[in-house]
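Participant: Letter by letter, the chains look like this.
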Amino acid sequence: MTSTVSRFTVALTAVAGLPAVAGGLNVGVELPRLEVAEYHRPYVAVWLERADGSVAANLSVWYEVKKRDAEGAKWLKDMRQWWRRSGRELSVPIDGVTQPTKPAGKHALSFSEGSNPLPKLEPGQYKLQIEAAREVGGRELVSIPFDWPAKQATSLTAQGKTELGEIKLELKP
Amino acid sequence: MFSATRIAAALALSCAAIGAQAHSVWMKPSSTVLSKADWVTVDAAVSNDMFFFNHRPLGLDKLVITAPDGSTVEPKNAHKGELRSVFDLKPEQAGTYQLAIVNSGVMGSYKDAAGQMKRLRGSAEEIAKQIPADAKDVRVAESISRIETFVTMGKPSPLRLSGKGLELVPVTHPNDLVVGEEATFAFHVDGKPAADVEVVLVPDGKRYRDAVNEIKLKTDAQGHIKVKFPTAGMYWLDADVNDDKTSNPIAKERRLAYVATLEVLP
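The listed protein sequences derive, respectively, from chains A and B. If you're matching positions, the first sequence starts at 1 in my numbering and goes up one per residue. If you're matching positions, the second sequence starts at 174 in my numbering and goes up one per residue.
Quick caveat, the hints were computed from the structure, so don't treat them as lab data. Since the structure is predicted, the reported quantities are computational estimates derived from the model, not experimental observations. In this text, a Cβ means the ideal position worked out from N, Cα and C, and glycines have one as well. Mixed in with the good hints, there may be bad ones.
To be verified - Here are some chain A residues pointing at chain B (derived, C-beta under 7 Å):
(1) LYS74
(2) LEU76
(3) ARG80
(4) ARG88
(5) GLU89
Unchecked claim - Computed far set for chain A versus chain B, every beta-carbon distance over 12 Å:
(6) TYR39
(7) ASP69
(8) SER91
With the hints as extra help, turn the sequences into a complete structure.
Facilitator: Quick look at the structure:
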């Protein structure tokens, strides 16, 4: 959680006259290509936390969905922070949240407020939390704090060090 | 360096004479947090250091595994080796499985007419019959010791308390411990909060460091201790209480011991 978050405002590109659309979040998750003898795709959890640490939304959980006998659920606990905050209260698979693991590279996720899995958020301080855990590998948690609602389109980034690469958060007012 | 409680716990297990060499007793599970029904294997031993097999195995005949619904689960593949005992467990229900070895008994000694120290063995009734009329320095003590560990599948569930002897009462659940967050535990004697109980926590891996790195705490008026674990890993917790609340008039003192293995995650 020592990752630095850089903030810059994106020029508003909305065309005047169009009706206001619901706000939302775009999240970019980079999984680094790792030179290791035994590589397994990481398990990744993307969620929003309120200032008190409670979970405001589970946005995305990537795990080995298709293994026989739900064997893939065995390693969900390795995303330790997520498991403790909400994973252990849930029953997987979760519609619109759980997805198969993904290969190394950049992945883009988009969420609209009020549409599964992103509910309407009370105004306040939040943290985007991204946790990755890899079998025979390490674990990393990257956080990006932000205020909601965003006054203007804002783009935030943070850099993971080991299991995660660049993390992007675009706030759409 | 060794607390009186370690001696009491070792005594209750070995039925050795008072003043026997101090050893620590423990059960160590291979994992404590599961996200799916899966095998857990547990080592149980009596040793000098946590958690190394350097003395002898811990007997499993008193082991009781309690499932979250209160039912009892039989251990699988129980085996007693020269240096450790082993058993397996597959938690199928969501919640916390409580693994406990509870020993209770009496032990004692007296000096006969010739001044020879004699040991008393058996139940309280048997011991009463063994003491000759001219015995001197009769010492009979009751003991209750509890050795525990916990394994949770899914969401942690409340523990079941016996209300007898010395017990840990979770304020913070023992399967919900992380570095950097303060945990609170209460200690009860016979179901009531116990103040001024000395509690010792020893982190795993003594063999690879010079110092024991014990954390010593004392319960407050509510029987609470608070601890912020400095490092992740397994911890051995030990607490002991001596009092005179014996259940049999022949015993003048009572020794209560509590031992638990806790896992702290990073």
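Participant: None of the hints should be skipped; say for each whether it holds.
Facilitator: How the hints compare with the structure:
With a least beta-carbon distance of about 5 Å to chain B, the hint placing LYS74(A) at the interface is held under the 7 Å criterion. Here the hint on LEU76(A) is kept, as its CB sits about 4 Å from the closest CB of chain B, short of 7 Å. Checking ARG80(A) against chain B by beta carbon gives a least distance of about 5 Å; that is within 7 Å, so the hint holds. Hint on ARG88(A) holds. Least Cβ distance to chain B is approximately 5 Å, under the 7 Å limit.
For GLU89(A), the suggested interface contact is upheld, since its CB lies about 6 Å from the closest CB of chain B, less than 7 Å. At roughly 22 Å from the closest C-beta of chain B, the C-beta of TYR39(A) stays outside 12 Å, upholding its exclusion from the interface. With a cut of 12 Å on Cβ distances, ASP69(A) falls inside the contact zone with chain B, its closest approach being about 9 Å. Chain B draws SER91(A) into its interface by the beta-carbon criterion, the shortest separation being 9 Å against a cut-off of 12 Å.
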